[in-house]
Amino acid sequence: MIKVKDVSKHFGKVKAVDTINFEVQEQENFILLGTSGCGKTTTLKMINRLIEPTSGSIFINGKNITDEQPEILRRSIGYVLQNNGLFPHYTVAENIAIVPQLLKWDKKKITNRTAELMEKLHLGSDYLHAYPNELSGGQQQRIGLARALVSDPPVLLMDEPFGSLDNVTRAAIHKEFKALDELKRKTIIMVTHDVQEAFELGDRICLMDQGKIIQSSTPADLLFKPANKFVKDFLKDQRLQLEFKAIRLLDIWDLLPNHHQEAHTSSLSTDSDLWTALEHFKFIDSETVNISKDKSEIKIVGFEQLMSAFNQYKNRQGHE
Amino acid sequence: MNEHQQTLLEFMQQQADKLAVQTMQHIGLTFISLFFAVLVGLPLGVIIARKRKLSGTVLGFAGVLQTIPSIALLGFMIPLLGIGPKPAIVALLLYALLPIIRNTYTGITGIDAAVKEAAMAMGMSKWQILIKVELPLAMPVILAGIRTATVINVGVATLASFIAAGGLGEFIFGGISLNNTNMILAGAIPAALLAIIFDFLLSLVQKLNFRKLRRSSYALPIVLLLLSSFYFIPTAYGSKLTAGFTPEFMGRQDGNLGLESKYGLKIHTIVISDAVMYKAAYQKELDVISGYSTDGRLKAYGLVVLDDDKGIFPPYYAAPIIREDALKKFPKLEQTLNLLSGKINDSVMTDLNYRTDYLHQSPERVAKDFLVNHKLFKPARKSNEENTVRIGSKIFGEQYILANMYSMLIKGYTDYGVSTKTGLGGTKICFDALTNDQIDFYPEYTGTGLLAILQASSKTINEVTKNKDSTYNYVQREFKKQYQVSWLKPIGFNNAYALMMREQQAKSLNIKTISNLKRYLNSK
Ligand SMILES: Nc1ncnc2c1ncn2[C@@H]1O[C@H](COP(=O)(O)OP(=O)(O)OP(=O)(O)O)[C@@H](O)[C@H]1O
Ligand SMILES: [Mg+2]
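Chain order of the listed sequences is A and B.
In terms of my numbering, the first sequence is residues 21 to 340.
In terms of my numbering, the second sequence is residues 3 to 526.
Chain A on its own, in the form it takes in the complex:
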């Protein structure tokens, strides 16, 4: 859906972005990951033409973005800024209504849509007439998200949307983020320098360094098939946790012992990652966890069985 082709951006002598290429599929969560100053924001802003590339071209749905008037293009792309960029002189409701007003929606439609989003984002309607400086950081982030989502644009660009939050709040927002049906339908490009966040939210991760793309692949491939030492080192510190998060139960299904049985209790689906399954033991006072595949097959496994499947999986990846 989004295609970036041989794009470079130079600021004077600085090559902020250096001949990058990638494609993002429809409804994909694509993560731009990398150290500070590697060119993530610059890349993102070229997609809604806040920055014009020095060379190369960008296509959305096969159409070169330079063929369209920038204002019109931007109204069809949601954009969430790192430090939210809410209008301090607008109330929450007015902030959310900016794009609908540009699109000349009628009043009623705006009110309904705003109410709908406020509910989905767990913001009480009494906040509608508050000003941004009366909200907490997390609430501001959510308003920023609501503002980007209000006109239901097919594409969403997010620049470190959860950057300024503490870990607890961030984990909570991540959960909401994944559960939000609005987002499932969207093609999202998200910038972050937080590896955990990238692995948790990304379908694919694009690792950048000094304006270049080092590796662009699924989280699991990034972990188990690193393109070079840079990638390996980049993930080193949090490797184990990342691996648990990168492996879905489906990936190790074959390696789990066979216990064909009908499902009768609540169980995890094979779409969950290994980390979730392991966390299960913390909360449920039980030796085993039920895992169901396609709601028909069920395996009942314990902690040791999961870990041994994990080790086998890793060995297999190493020998490939």
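Read the hints as simulated data drawn from the structure, not as lab findings.
Fair warning: there could be bad hints in the mix.
What the hints assert, rightly or not - So these bits of chain B aren't anywhere near chain A, every CB distance computed over 12 Å: (1) Leu75; (2) Ser127; (3) Ile198; (4) Leu227; (5) Arg357; (6) His376; (7) Arg383; (8) Gly414; (9) Thr416; (10) Tyr485.
As the list claims (entries may be wrong) - Subject to a maximum C-alpha distance of 27 Å in a straight line, what follows is the list of computed BS3-like cross-link-like pairs (lysine-lysine): (11) A:Lys83 to B:Lys128; (12) A:Lys124 to B:Lys128; (13) A:Lys35 to B:Lys53; (14) B:Lys134 to A:Lys124; (15) B:Lys128 to A:Lys127; (16) A:Lys65 to B:Lys53.
Yeah, the Cβ is synthetic: ideal placement off N, Cα and C, and Gly gets one too.
Given chain A's structure and the hints, the job is docking chain B with the ligands onto it.
Just chain B with the ligands now, kept in the frame of chain A:
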């Protein structure tokens, strides 16, 4: 003497009409110019915020404008725009420009970059960003600039009275030249109050929160326009002819007050500084002006003096006045100074003034030419430096010429040394210098001696101003008694106040005297 016991409050009550008019004019001037300054400054501020390269030039230029002294700026305006409100408004506008441009610029450039970026990213056009984001967010800073500009304007607008634009400056500067404290305060206090009140009101507007501010920013231009219209309320009446009088003339018994009480003259009057009055009459912006009968510009601009047939202007015959101890110290001085007596009549003096003021000949040359023509000139003798006569003069052309003549005469006819201290401010400064032994003599006028120095009672004035000799005798006697200063023989000319008109207009309307003028104005 009555006037001196009058309190400020009484003065203000007595002059309530004028005070109201001047205050309205003052508010009007302040806000008309402010309105246009916002109209010009705001877009300029926006432009330089967009094109930062221009900011240095534009802000620098506006800064330079503000360093030009206000009087000079008003002076520059006259050749371009004449007199009256137009040049005053433009000058005020130029002063108000810098704070408005600068604050618009800092206000807009100070906005959080993320907010501007968000606006852009949501698909707002440049214009929408300006109206919906930049201006509202910069508004508190812009308002602070407007506030500064308002206070500046209230202050500078006092100077508008110099070029016939009215305002509280009429009282302030009239009071200064008349040495009337009540009059000064009657102008200065309301002006200060206006500044304080507007400053306070604008500080309230500034403190409103964004929401209210958004609404009030629509109200602002309306309020500005409303206040601007104050200027036009008082000028809604007219008459056939327009008079321009100096602030001093306006407040004097032997000036406008006398014209009203003795002649019953009612004429549409504007107050104007004497520096531009003659030219304004020449350019037909004014029809009747108050001037001095020997002023060189009378000749330069083709004006005639109207005969003062009821004698309200006291005689102002010029004569040297000298301390008595100086007369003793320089025994030959009296005789030498009297060489000039009776030699210069009104038209001769007017002509001499015309040469310096209009042909820009040096007073020295004019003085020498005159002495040579009248066979009074003798080359300088060798002087004795220990015996030096100090000559004083006031700060205008006629006095410079006289001082030069006296200097040449003393050098040619005596052995005394001469030093001149020309350009001593006003009457008071000159006379104080004389009595405090800083100078030995200077040319003074009988009327000035009577009114400004002796401050005679109105009864005495009425008695002694009937003819020139009784005035001269009275001041001679009183100066001797009170100050031990003696009046030498009159030089001949009478530099009195006078009403004047363009010669051509006076002829065609058949106006020769002030009574003629009144009759013409009263005729339907
Ligand atoms: N407007 C600009 N002018 C000059 N240099 C710029 C500009 N914007 C970015 N750069 C430079 O380009 C490089 C990439 O910047 P960019 O903002 O894309 O980094 P980033 O990956 O988003 O970093 P961070 O994680 O710190 O936000 C940096 O070296 C930066 O200094
Ligand atoms: Mg960045």
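Hints, verified against the model:
1. Leu75: Nearest chain A Cβ is 38 Å from Leu75 of chain B, so the label holds.
2. Ser127: Non-interface label on Ser127 of chain B violated, nearest chain A Cβ at 5 Å vs cutoff 12 Å.
3. Ile198: Ile198 of chain B clear of chain A: closest Cβ-Cβ about 30 Å, beyond 12 Å.
4. Leu227: 26 Å, holds
5. Arg357: Given a closest Cβ separation of 68 Å, the condition holds.
6. His376: It holds; His376 of chain B is separated from chain A by about 81 Å at its closest Cβ, greater than 12 Å.
7. Arg383: Arg383 of chain B is indeed farther than 12 Å from all Cβ atoms of chain A, at 82 Å.
8. Gly414: 81 Å, holds
9. Thr416: The assertion about Thr416 of chain B holds, with a minimum of 83 Å to chain A.
10. Tyr485: 72 Å, holds
11. A:Lys83 to B:Lys128: Since the Cα atoms of Lys83 of chain A and Lys128 of chain B sit roughly 25 Å apart, the hinted pair holds (cutoff 27 Å).
12. A:Lys124 to B:Lys128: Cα-Cα ~18 Å, so holds.
13. A:Lys35 to B:Lys53: Holds, at about 26 Å.
14. B:Lys134 to A:Lys124: Satisfied, since the Cα-Cα distance of roughly 16 Å is no more than 27 Å.
15. B:Lys128 to A:Lys127: Cα-Cα ~24 Å, so holds.
16. A:Lys65 to B:Lys53: 22 Å, holds
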